[in-house]
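K.L.:
Spelled out from the first residue to the last, the chains are:
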Amino acid sequence: MNSWTGWIKGALAGVAMLGAGAAQAAPVEINFYYPVAIGGPVAKIVEDLITRFEADHPDIKVKPVYSGTYPETISKALTAYRAGQPPEVAVMLSTDMYTLIDEDAIVPFDDFVKTDEDKAWLEGFFPVFMVNSEHDSKTWGVPFQRGTTLFFWNKDAFKEVGLDPEKGPQNWDEVVEFATKLTKREADGNVSRWGMQVPSSLTSYWLLQGYVAQNDGKIADETGTQTHFDSPEVVEALQYWVDLAHKHKVMKPGVIEWATNPKDFFEGRAAMITTTSGNLTNIKTNAPFPFGVQILPEHKKRGAPTSGGNAYIFNGVAPEKQEAAFQFVKWLSSPEQAAEWSIKTGYIAAREDAWATEAMKAYVAEFPGALVPHEQIPYMVPELSTHENQRISRVIDDAIEASLTAKKQPAQALSDAQKEADRILEDYRD
Amino acid sequence: MKKTNNMVVPWLLLLPATVLLAAFTHIPAVMTFINSFYRTPRGNRPARFVGMDHYADMLGDPVFMAALKNNAIYALGTVPAAIALSMLMAIIVNSAIRGRALMRMSFFLPTVLPMIAVANIWLFFYTPGYGLIDQFLGLFGFHERNWLGDPDTVLGSLMVLAIWKEAGFFMIFYLAALQQISPTLSEAAALEGTSRWYFFRRVTFPLLMPTTLFVMINAIINSFRLIDHVIVMTRGGPDNASTLLLYYVYNVAFRFWDTAYASALTVVLLAVLALLAFVQFGVLDRKVHYK
Numbered sequence: 001m002n003s004w005t006g007w008i009k010g011a012l013a014g015v016a017m018l019g020a021g022a023a024q025a026a027p028v029e030i031n032f033y034y035p036v037a038i039g040g041p042v043a044k045i046v047e048d049l050i051t052r053f054e055a056d057h058p059d060i061k062v063k064p065v066y067s068g069t070y071p072e073t074i075s076k077a078l079t080a081y082r083a084g085q086p087p088e089v090a091v092m093l094s095t096d097m098y099t100l101i102d103e104d105a106i107v108p109f110d111d112f113v114k115t116d117e118d119k120a121w122l123e124g125f126f127p128v129f130m131v132n133s134e135h136d137s138k139t140w141g142v143p144f145q146r147g148t149t150l151f152f153w154n155k156d157a158f159k160e161v162g163l164d165p166e167k168g169p170q171n172w173d174e175v176v177e178f179a180t181k182l183t184k185r186e187a188d189g190n191v192s193r194w195g196m197q198v199p200s201s202l203t204s205y206w207l208l209q210g211y212v213a214q215n216d217g218k219i220a221d222e223t224g225t226q227t228h229f230d231s232p233e234v235v236e237a238l239q240y241w242v243d244l245a246h247k248h249k250v251m252k253p254g255v256i257e258w259a260t261n262p263k264d265f266f267e268g269r270a271a272m273i274t275t276t277s278g279n280l281t282n283i284k285t286n287a288p289f290p291f292g293v294q295i296l297p298e299h300k301k302r303g304a305p306t307s308g309g310n311a312y313i314f315n316g317v318a319p320e321k322q323e324a325a326f327q328f329v330k331w332l333s334s335p336e337q338a339a340e341w342s343i344k345t346g347y348i349a350a351r352e353d354a355w356a357t358e359a360m361k362a363y364v365a366e367f368p369g370a371l372v373p374h375e376q377i378p379y380m381v382p383e384l385s386t387h388e389n390q391r392i393s394r395v396i397d398d399a400i401e402a403s404l405t406a407k408k409q410p411a412q413a414l415s416d417a418q419k420e421a422d423r424i425l426e427d428y429r430d
Numbered sequence: 001m002k003k004t005n006n007m008v009v010p011w012l013l014l015l016p017a018t019v020l021l022a023a024f025t026h027i028p029a030v031m032t033f034i035n036s037f038y039r040t041p042r043g044n045r046p047a048r049f050v051g052m053d054h055y056a057d058m059l060g061d062p063v064f065m066a067a068l069k070n071n072a073i074y075a076l077g078t079v080p081a082a083i084a085l086s087m088l089m090a091i092i093v094n095s096a097i098r099g100r101a102l103m104r105m106s107f108f109l110p111t112v113l114p115m116i117a118v119a120n121i122w123l124f125f126y127t128p129g130y131g132l133i134d135q136f137l138g139l140f141g142f143h144e145r146n147w148l149g150d151p152d153t154v155l156g157s158l159m160v161l162a163i164w165k166e167a168g169f170f171m172i173f174y175l176a177a178l179q180q181i182s183p184t185l186s187e188a189a190a191l192e193g194t195s196r197w198y199f200f201r202r203v204t205f206p207l208l209m210p211t212t213l214f215v216m217i218n219a220i221i222n223s224f225r226l227i228d229h230v231i232v233m234t235r236g237g238p239d240n241a242s243t244l245l246l247y248y249v250y251n252v253a254f255r256f257w258d259t260a261y262a263s264a265l266t267v268v269l270l271a272v273l274a275l276l277a278f279v280q281f282g283v284l285d286r287k288v289h290y291k
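Protein sequences, first through last, are from chains Y and G.
Anchor point for the first sequence: position 70 equals 70 in full-length UniProt numbering, and the numbering is continuous, going up by one each time.
Anchor point for the second sequence: position 220 equals 220 in full-length UniProt numbering, and the numbering is continuous, going up by one each time.
Heads up, a few of these hints could be off.
Keeping only pairs whose Cα atoms sit at most 30 angstroms apart, straight-line, the calculated BS3-like set for lysine-lysine is [unchecked claim]:
#1 Y:Lys407 with G:Lys69
#2 Y:Lys408 with G:Lys69
#3 Y:Lys419 with G:Lys69
For the record, the hints were derived by calculation from the structure and aren't laboratory data.
Remember, predicted model here, so these are calculated numbers, not experimental data.
Produce the complete structure using the sequences and hints provided.
P.N.:
Have a look at this one:
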């Protein structure tokens, strides 16, 4: 009997030692969930980056998992987290930070930042991008891919109506004035070209935020618990947007799809458009006419929205895996890689030192339009980000859609939205 | 011994199916029902019993009310139209006309295509200005319309797509039923000199009633169940004008992560479907058979 138990103990010890030995020799494996929200061979670019990272860090193995759109990515990551199998790293919307914190799904970066080099890396990001990454004086995510909106115009159309093709409108009034000239009505009243188009399907709050910033207002507090949808600055901003369609009649009424907006521009059906900076390459490749691109026109001041994804490290995985995940994120968002990612995808490099790399300088020299988002950085405001963000952004999107389709007056729609937001956020206020 | 054996064998035979059904249908359904009385647990907030609160919230939830209304319109619009169209198509392809195989195939084709693909194709059809529909209507002097961007037309646009997609599938059932009808009936009717419309109204249509009941139940269930095109084409917009019940449930559960409220919504959805099925089977079933 004794010899039996002894044998079993010995065997178990042997297995345990084998296991420990294997753990030391084998590299730490981490899963990396990433969404694709733009065109282009993103999967290929990611694979390429990971191959180089693994060559630099033989002790870490990264398994890239393409996880669909942004909403699909957070759905998958949270479902996996609830099932006890979270990915180590995921790229998700910066505005989902509060949701992830409320779910206790992510860990702050502060615990991993130890050396001076780490600190310098963390401080290198543009502050405006960090607002959507910090909460309670901790850093919960780092900017990975960020965007903004830019203003594009058709130079041929400008020439046709006697405007200077090299100069886009600089303020709200000029936009209306130019757009009125550019809107082309046929004899039967059908409009064959709209002066101005702003997309309004899905996350339209993003564009409203630009107008609100230019109107010197604020759509929400940075605490994530208070929105200001019914403030006069927000109401005026939405009113201006709605007026483009219904009062000045220079924009297509109803909801304008993100995808059809650049297409309308290429087809000559919209002479000026606002769209995401992620469309720069698309427009450069597909516009059959010379086009101009500039930062957004001002009103009381300049202003522009930001958007995009953070890299987050998950809770509930082994510490050595989290450490490996940190090394990976740090490498991925260091200047060289940030510049490369920006050049290949069209996202804005989120750190100043990335813009100083040789690769970036060469790219900007070849395609000056790429510099416009950088020019806009000083005027950018943080994106709307609250607790239960998906729900709050849906509430404000609905209000914008109701106003643009003339179902409600902007003031009424926004006051309804504010009441609904208050009801949702009540639980999170102290 | 022998007696227990007799009891054990049938249960063993039922076991695989029972386990699968219980694990994937019955237990989740019961859990959903229980969850609907609790508040959603968050990382740092446990679930709390709230009784009927979620159900009370629904009454004051404008999006839920919009979804309910939209779904009612959607079902009332698509179900009769899909039934009428599929019956018509079945009668056409059942008659001895040339190119019958080609017709059958083309009527059935929409059913074979995945909804996601279909929705993407129709997204282009509905594009304002240069989409297929606007280009076609433009020939007759109509102005461009923002079909999916206007709350007044968006639901109708989705309904047209749904009818087009569904009708081909139901046609198959009608075709099978039509071929079951004995040719002696039409011969007898021809001898009596009945018109084709009269024959259809008094003979064919009543004989098809059991099929119609079956098709109607399926069509109604589909009108609550199929939302792929909503996700692809409108995401419920503008301003919830095309939000259907199940799409709202999906949003609440997997975008807002309020799983408890989503459970309560699911219970309501199930109750609506159960009620409709009960009415159809319980009441109509007695009247559909031709005696």
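K.L.:
Hint compliance check: list the failing hint numbers for this structure, sorted ascending.
P.N.:
Nothing - there is no hint that the structure violates, so all of them hold.
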